[in-house]
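Sequences are here, hints too, so could you generate the full structure?
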Amino acid sequence: MRRTRQYTNVFFTSEGIRKSFAFFEEALLTDLHKRYLVKEFVIELGSLLLEYETEEDLFKVYIPGVTTVIYKKTFLDYEFMLYTSERSTYVGLKAQTLARMVPVFQYIDSLIPSTTLTREEALKKALPLVLVIHGHDEQWKDLVSYLYLRHGYAVKPFDLEHLRIHEIRELVKLAGRDNIIAFCHLGQGDLEGVSWVEADRNLRELLGTERVVLICPESRSIRMPAVSNEAIFFAPGRIKEVFWLVLNKVRRSLA
Numbered sequence: 000m001r002r003t004r005q006y007t008n009v010f011f012t013s014e015g016i017r018k019s020f021a022f023f024e025e026a027l028l029t030d031l032h033k034r035y036l037v038k039e040f041v042i043e044l045g046s047l048l049l050e051y052e053t054e055e056d057l058f059k060v061y062i063p064g065v066t067t068v069i070y071k072k073t074f075l076d077y078e079f080m081l082y083t084s085e086r087s088t089y090v091g092l093k094a095q096t097l098a099r100m101v102p103v104f105q106y107i108d109s110l111i112p113s114t115t116l117t118r119e120e121a122l123k124k125a126l127p128l129v130l131v132i133h134g135h136d137e138q139w140k141d142l143v144s145y146l147y148l149r150h151g152y153a154v155k156p157f158d159l160e161h162l163r164i165h166e167i168r169e170l171v172k173l174a175g176r177d178n179i180i181a182f183c184h185l186g187q188g189d190l191e192g193v194s195w196v197e198a199d200r201n202l203r204e205l206l207g208t209e210r211v212v213l214i215c216p217e218s219r220s221i222r223m224p225a226v227s228n229e230a231i232f233f234a235p236g237r238i239k240e241v242f243w244l245v246l247n248k249v250r251r252s253l254a
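So for the sequence shown, numbering that gives the first Met the number 0 puts the first residue at 0; every next one is plus one.
It is worth saying that the hints were derived from the structure and are not from the lab.
Treat the numbers as computed from the prediction; the structure is a model and nothing was measured.
Treat the hints loosely; a few may be bogus.
In silico BS3-like cross-links for lysine-lysine, where the CA-CA straight-line distance does not exceed 27 Å [what the hints assert, rightly or not]:
| no. | residue 1 | residue 2 |
| --- | --- | --- |
| 1 | K124 | K93 |
| 2 | K124 | K18 |
| 3 | K38 | K71 |
| 4 | K123 | K248 |
| 5 | K93 | K123 |
| 6 | K18 | K33 |
| 7 | K123 | K172 |
| 8 | K38 | K140 |
| 9 | K71 | K59 |
| 10 | K59 | K123 |
| 11 | K248 | K59 |
Computed beta-carbon distance windows for the label pairs [to be verified]:
| no. | residue 1 | residue 2 | range |
| --- | --- | --- | --- |
| 12 | M0 | A254 | 52 to 58 Å |
| 13 | E169 | R250 | 33 to 39 Å |
| 14 | V101 | L244 | 25 to 31 Å |
Each residue gets a CB set at the ideal place from its N, CA and C atoms; glycine is no exception.
Structure (structure tokens):
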């Protein structure tokens, strides 16, 4: 039997996740069950998936309310899974009967709010919040990995083709305009498209021109938008050479 509970606007800290699973383990699992562990620990940053072997490694990079996480442990006919979306946390349990799951859910409920954050609390705690708007070039994943894994910044990537400006507006409202900087990693085709023209205008209105930075490959054919944006240029295929410039801008955004 499976049951899933949604916790709207609730994001568990690493401590909260550990305590939730520890109670599940103590209440339901025998030594026999523990021998048959199948685990899944994943961080999702847009379409970038980061898989981890241990929960310790997962929790080192997990940022509640910012990164999407999958924490799943299966033991034969028992399972504990916690995963997040943009606005909610979901806890799914599998056990032989509903009666066995009820105490676990009750315990998890008791951890709110001592080991949880609301979305607003999480976003304001993430200083700064770095947005990466990207086109088709896959090098955006290198940029996100650099800022998130190497330097520990809270990063949220957005695909330009699916960008919804109301989502950015909501982030600005919750995190604060001065706590956000946006990097737009785009190629010539992206810059000339209607999607970028509209997104560029909206981003500058929400964040200010100084907090919207273009990252483009060097090319004589690249034409900048009519309105001046800050820009970082890199040799084609060599975006990593300008990561230090990106890092400097992130750090200056906090000044």
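Against the structure, the hints come out as follows:
1. In summary, the hint linking K124 to K93 is not supported, as the alpha carbons are separated by about 33 Å, beyond the 27 Å threshold.
2. Taken as a hint, the K124 and K18 pair is honoured in the structure, with Cα atoms around 22 Å apart against an allowance of 27 Å.
3. Distance hint between K38 and K71 is fulfilled; the C-alpha atoms sit about 6 Å from each other, no more than 27 Å.
4. Between K123 and K248 the CA atoms are separated by roughly 19 Å; this keeps the pair inside 27 Å, and the hint holds.
5. Restraint check for K93 and K123: the C-alpha separation of about 35 Å exceeds 27 Å, so the hint is violated.
6. Our distance criterion of 27 Å between C-alpha atoms is met by K18 and K33, whose separation comes to about 17 Å.
7. Taking the CA atoms of K123 and K172, the gap is about 10 Å. The hint holds against a cut of 27 Å.
8. Of the supplied pair hints, the one linking K38 and K140 holds, its CA atoms being roughly 25 Å apart against a limit of 27 Å.
9. Of the pairs offered as hints, the one joining K71 and K59 holds, with about 17 Å between alpha carbons and a cut-off of 27 Å not exceeded.
10. A hinted pair counts as satisfied when its Cα atoms are at most 27 Å apart, and K59 with K123 qualifies at roughly 19 Å.
11. Simply put, K248 and K59 have alpha-carbon atoms about 24 Å apart, close enough for the 27 Å limit, and the pair holds.
12. Distance hint check: the CB atoms of M0 and A254 are about 54 Å apart, consistent with the given range 52 to 58 Å.
13. Look at E169 against R250: about 25 Å separates their beta carbons, and that is not inside 33 to 39 Å.
14. Checking the proposed 25 to 31 Å range against V101 and L244 shows it is violated: the Cβ atoms sit about 54 Å from each other.
Going through the hint list in order, the structure does not satisfy hints 1, 5, 13, 14.
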